[in-house]
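J.: Sequence:
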Amino acid sequence: MRHTEGIVQEMLRVGKQGIVSFPNFGYWKNRMQVIGGRMPVSQSLPYRWYDTPNIHLCTLGDFEALCRQCDARILERRVMNNNRPVHFLPNLMGTLAIYRFERNR
1 MRHTEGIVQE MLRVGKQGIV SFPNFGYWKN RMQVIGGRMP VSQSLPYRWY
51 DTPNIHLCTL GDFEALCRQC DARILERRVM NNNRPVHFLP NLMGTLAIYR
101 FERNR
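Residue numbering for the sequence shown is 1 to 105, as defined by the numbering used here.
If you're looking for bench data, these hints aren't it; they were derived computationally from the structure. It is possible that some hints are incorrect.
Said to hold, decoys possible - EDC-like mimics (lysine to aspartate or glutamate), calculated; alpha carbons at most 16 Å apart, straight line: (1) Lys16 <-> Asp71; (2) Lys29 <-> Glu102; (3) Lys16 <-> Glu76.
Turn these sequences into a full structure, and let the hints steer you where they fit.
T.: Take a look at the structure:
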């Protein structure tokens, strides 16, 4: 999406909580493609860099930093890979992230 920071702030303005999900750019297979000199193409990122509808790609750490910047408190984080929860090294092993957050009080 475009204007990600503004959208997160607007979600927190109009609602008590927000929920977002996104493909994790930090997944190890995505990192290996970047190390190899190419932008990732995978099941969770199926488009080439020039035709992707994903305007901003990020990692779990990037989104959590955005939440701190927007004064949002993360209530719940789910990280998935092949419809299974990932608990060990989630930023490296997870393909999809789901966050529930609220405005810091």
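J.: Quick check: which numbered hints come out false for this structure?
T.: 2
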